[in-house]
Amino acid sequence: MKRTVPLFISAITGFVLIGTAFIPKFVDWGNDAMAWFNLLAAFAFILGGGNLLKMQLQKISAQQPGWGYAAVTLIAFFVTLFVGLVKVGVHPNVKFPEFAWSGDYLQEDGAFWWLFEYIFTPLSATMFALLAFYISSAAFRAFRAKNTEATILLIIAVIILLGRTYASVWLTGWLPDEFILGDSGIKYSDFNLQNLSEVIMENFTTAGMRAIKIGIALGVASTSLKVLLGVDRSYLGSDQEV
Amino acid sequence: MLDFLQHLDRRWIFLLMFIAVAVPLIMGTTFPEVPSDQVMAVFEAVDNLPDGSNVVMALDYDPASQGELQPMASAFTRHCAIKKHNIYFMTLWPQGISMIQNSIGILQDEYPETYKGKYGTKYVNLGFRAGNEGVIKLVVEDLKKSYSTDIHGTNLDNIPLTKNLKNIQQVDLLCNVSAGYPGSQEWVLYGSSPFDIPTVVGCTGVQAPIMLPYIPDQLTGMLAAIKGAAEYEQAIINAYPELESNPNAKEGLVRMGPQLVAHLLLISLILLGNVIYIWERKQGLHQ
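Top line first, the protein sequences correspond to chains A and B.
So for the first sequence, this note's numbering puts the first residue at 101; every next one is plus one.
So for the second sequence, this note's numbering puts the first residue at 3; every next one is plus one.
With the rest of the complex left out, here is chain A:
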């Protein structure tokens, strides 16, 4: 029973949503289903918070290596939650000055805004910026022309890297806007690095991505049908009946 009901709900909802593309009557039902989905997605935040608590508390209670980080995570979690929920430092809304909590939780100069602006934002940006350092180290140590494919990849990478900066103008901006071999339709300037990088992106990359996307779409369609028809039940967890 515990597996049959979710299977039934999935199948009905899935087929209704497919039906919205073909049957106008189904559109309203599909919208209702999506509204329910969005509500459930909001509850996922509570589940996520619960799961975070469980995992970190387990680490702390078992004194696993790095349990101190788990403690920091929990402290940060509770401080942020408290500051946001209680609206610390937030001034009441001018329309409702008698209600202390009527202000916006993200109000400028509020404690939550301060945490976001001066802790979360710089930390996130720093983590992302570290990529530049690791990429440069990896480029030096790993990007080797070991075979023909790697060499082609390397040449294309250099063209794109140069083509996306002003270096393309310095290096190839002087190429004349004249036809090669009379009226061949190809100009010298077509070979400047910015043009070359655009040609690579718009032709080769696009063609490759289209092929990948068509493949993914077919895979998604077949997997979805298996889920809706109850053939694939892996999303329900273990195969053992509970």
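What you were told as hints is all true, and nothing was included just to trick you.
Below, a list of computed lysine to any residue pairs in the SDA-like style, where the Cα atoms sit at most 20 Å apart:
{"#": "1", "chain 1": "A", "residue 1": "K195", "chain 2": "B", "residue 2": "N160"}
{"#": "2", "chain 1": "B", "residue 1": "K124", "chain 2": "B", "residue 2": "D53"}
{"#": "3", "chain 1": "A", "residue 1": "K246", "chain 2": "B", "residue 2": "G275"}
{"#": "4", "chain 1": "A", "residue 1": "K246", "chain 2": "B", "residue 2": "L274"}
{"#": "5", "chain 1": "A", "residue 1": "K195", "chain 2": "B", "residue 2": "G122"}
{"#": "6", "chain 1": "B", "residue 1": "K120", "chain 2": "B", "residue 2": "N56"}
{"#": "7", "chain 1": "B", "residue 1": "K284", "chain 2": "B", "residue 2": "L4"}
{"#": "8", "chain 1": "B", "residue 1": "K165", "chain 2": "B", "residue 2": "N88"}
Everything labelled a hint here was simulated from the structure, so no lab data went into it.
Following the hints, complete the assembly by docking chain B onto the known chain A.
Just chain B, lined up with the frame of chain A:
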């Protein structure tokens, strides 16, 4: 020398990258940009709309990608403000609320005559809703089923801009700035493509190849990475020279300096690495 380079401590490379990014940033070096056809398609999509058109601005990114995407979001906001468009802000990312506040700050500080004190009549902040593509599917069919109130809890029926808006099929343009999932691809798949909503996007460099196949049919145009942002800023400055004196309108252009030096450093490192590799092969260190 080659022996030294073979065992080069990676902290030297980190230091070089730091200098490559920091020096041009401190010096504020900029280079002239020529907007590409793709960027001009984005520019014209915003610019060709009659003044006061309705534009949805979906800002789906977080502070981690702010360095790459904020110049695009700011440029979209400025361009829409110059055209006095009505703007509907929304986000599918919880952290996106602060990104919307940045754009609203631009409207109020730089275009006070059009937007200051005009919340609800010239712009509205719908805020965040959970549900990823589920939210998109709903707002394109029935906005108020997903957003019954704006970010301040005001009923959409009491806001002049949203009172008569049934869904976002009724808007003139959808601008999306996205750092990943949910983002540009979902807006195209569930929003612009099935309902023919004119859409332009700005995305990170790694997302650009994913979005390229949708241009020009499902997607009018795309700003790819900081280069796209810089070209778009240049296109706006070319059309509206009064922005030339506004340093905030050149965020993307300023970041092209560090990008140039960092890319040249990367190419040098790749070439150097390969020289070492070839030397090692000659020494018989690789089979």
